[in-house]
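K.L.:
Each chain, letter by letter, is given below.
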Amino acid sequence: EAGVTQFPSHSVIEKGQTVTLRCDPISGHDNLYWYRRVMGKEIKFLLHFVKESKQDESGMPNNRFLAERTGGTYSTLKVQPAELEDSGVYFCASSLFEDTEAFFGQGTRLTVV
Amino acid sequence: AQSVTQLGSHVSVSEGALVLLRCNYSSSVPPYLFWYVQYPNQGLQLLLKYTTGATLVKGINGFEAEFKKSETSFHLTKPSAHMSDAAEYFCAVSVTGTASKLTFGTGTRLQVTL
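First to last, the sequence lines map onto chains A and B. If you're matching positions, the first sequence starts at 1 in the numbering used here and goes up one per residue. If you're matching positions, the second sequence starts at 114 in the numbering used here and goes up one per residue.
With the rest of the complex left out, here is chain B (with noise of 0.2 Å):
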């Protein structure tokens, strides 16, 4: 069984400043892990995702995340947060590697202030 923990349902940024969302996941073999973002009155969106080889996955609007083995994470940074980042994010595990049977985390809604 798999399970995804996220830190902080809500985080607060000034615009400029880094984006930290914490995932931590628990998976009883080789985890595949996405990061999806719902921006207001839209669907969720793919983000980026972790399959295997590089642990340093780069995604979309300058998002890029961490597959940590060892400490079991899988966390989400933007080297300077933009207000038209302002969204809920969700981190998801899944065993397949692929869309079906996902599970997700409780999601992080992150503000971000002038």
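With the rest of the complex left out, here is chain A (with noise of 0.2 Å):
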């Protein structure tokens, strides 16, 4: 079975520009989260979605950020205009159940120059 998947692995823009990373989770699985980990700091929750619903945005920085989870499969998070400070990593996880354990992706690295 595919674990989760995200694309793409490694992004380089210029500030100013748009980015959007797309996270493919677990088939079945309804929640799902995205985290980002800016360099050498904590890694940090950004949102949740069951299915195509926002559970928990709570952790997006500005509305510079918009995630979506279209018919509840995949999901995109863009960032438009992109600033330096949005460099990082980005994670997603999904799991079958709120309560139920979590599988990330391997992230993606995402620099603004």
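Incorrect hints may have been included.
Here are the simulated lysine-lysine pairs, DSS-like style, with alpha carbons at most 27 Å apart [as the list claims (entries may be wrong)]:
| id | chain 1 | residue 1 | chain 2 | residue 2 |
| --- | --- | --- | --- | --- |
| 1 | A | Lys44 | B | Lys214 |
| 2 | B | Lys162 | B | Lys181 |
| 3 | B | Lys171 | B | Lys182 |
| 4 | B | Lys182 | B | Lys162 |
| 5 | A | Lys54 | A | Lys41 |
| 6 | A | Lys51 | B | Lys181 |
| 7 | A | Lys41 | B | Lys182 |
| 8 | A | Lys15 | B | Lys181 |
| 9 | A | Lys78 | A | Lys15 |
| 10 | B | Lys214 | B | Lys171 |
| 11 | A | Lys54 | B | Lys181 |
| 12 | B | Lys162 | A | Lys54 |
| 13 | A | Lys15 | B | Lys162 |
Coverage of chain B stretches by chain A, computed from C-beta distances (three or more under 8 Å per stretch; other residues unrestricted) [stated by the list, open to error]:
| id | stretch |
| --- | --- |
| 14 | 135-146 |
| 15 | 184-192 |
Using C-beta positions, here's what the derived DEER-type ranges look like [said to hold, decoys possible]:
| id | chain 1 | residue 1 | chain 2 | residue 2 | range |
| --- | --- | --- | --- | --- | --- |
| 16 | A | Glu14 | B | Leu169 | 49 to 57 Å |
| 17 | B | His123 | A | Val113 | 40 to 48 Å |
| 18 | A | Gln17 | B | Glu201 | 23 to 31 Å |
| 19 | A | Thr70 | B | Ser116 | 32 to 40 Å |
| 20 | B | Lys171 | A | Thr100 | 12 to 20 Å |
| 21 | A | Lys78 | B | Thr226 | 41 to 49 Å |
| 22 | A | Ser53 | B | Ser122 | 31 to 39 Å |
| 23 | B | Gly175 | A | Tyr74 | 43 to 51 Å |
| 24 | B | Ala114 | A | Thr73 | 30 to 38 Å |
| 25 | B | Glu184 | A | Leu66 | 25 to 33 Å |
| 26 | B | Ser193 | A | Glu14 | 43 to 51 Å |
Calculated from the structure, these hints are not laboratory results. Owing to the predicted nature of the structure, the values given are computational and were not obtained by experimental measurement. Each residue gets a CB set at the ideal place from its N, CA and C atoms; glycine is no exception.
With the hints as a guide, bring both chains together as one complex.
P.N.:
Below is the structure:
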């Protein structure tokens, strides 16, 4: 069975550009989470989807970040326009139920120059 | 609000030596505690978790951690390090016991030398 898959694995963009990160959760997992790790710091929660609905988006840093999960399958996280401080590793995770183990993807390393 | 402090961003041990990775937490309610590991070029993998009950928790690959409420600690140990244990380890806390809204520490990179 495939795990959580994230695309791309690396992205380098210029300040002011737009980037879209994609996460394909494990098939059948209703719960999908986005986390971010800024260089050298802790991994921080961004938001939680249950199916296509945003259950908790309290960790989203500002309105330049837009997460979607159309149809309750894969999710995208768009950053527009990107700023230097958005650089970091973006992790996606999914779980079958909210109280079961979350499986993480490899992460997308975003570098804004 | 919760927070996690991992002492030592880098830890180096010899193969066969004891591994001790420190984690202290702060939580206003009884916490649920987790250790995750990230091997090179892989995602985060759950090593073990404490929810309720027995305070000594055993995980995968020979790791274990003990919840000590009086010390607000959840240190990760392994009696004998193996080269394959080289990775980055993250301690995390949650107030819900679920994968949602985990609060992570800054991570500890474990190096294992011959």
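K.L.:
State for each hint whether it applies.
P.N.:
How the hints compare with the structure:
no.	hint	verdict
1	A:Lys44 / B:Lys214	holds (8 Å)
2	B:Lys162 / B:Lys181	holds (14 Å)
3	B:Lys171 / B:Lys182	holds (17 Å)
4	B:Lys182 / B:Lys162	holds (15 Å)
5	A:Lys54 / A:Lys41	holds (25 Å)
6	A:Lys51 / B:Lys181	violated (37 Å)
7	A:Lys41 / B:Lys182	holds (25 Å)
8	A:Lys15 / B:Lys181	violated (46 Å)
9	A:Lys78 / A:Lys15	holds (14 Å)
10	B:Lys214 / B:Lys171	holds (23 Å)
11	A:Lys54 / B:Lys181	violated (35 Å)
12	B:Lys162 / A:Lys54	holds (26 Å)
13	A:Lys15 / B:Lys162	violated (39 Å)
14	135-146	violated (count 0)
15	184-192	violated (count 0)
16	A:Glu14 / B:Leu169: 49 to 57 Å	holds (51 Å)
17	B:His123 / A:Val113: 40 to 48 Å	violated (27 Å)
18	A:Gln17 / B:Glu201: 23 to 31 Å	holds (29 Å)
19	A:Thr70 / B:Ser116: 32 to 40 Å	holds (35 Å)
20	B:Lys171 / A:Thr100: 12 to 20 Å	holds (19 Å)
21	A:Lys78 / B:Thr226: 41 to 49 Å	holds (43 Å)
22	A:Ser53 / B:Ser122: 31 to 39 Å	holds (37 Å)
23	B:Gly175 / A:Tyr74: 43 to 51 Å	violated (36 Å)
24	B:Ala114 / A:Thr73: 30 to 38 Å	holds (33 Å)
25	B:Glu184 / A:Leu66: 25 to 33 Å	violated (42 Å)
26	B:Ser193 / A:Glu14: 43 to 51 Å	holds (48 Å)
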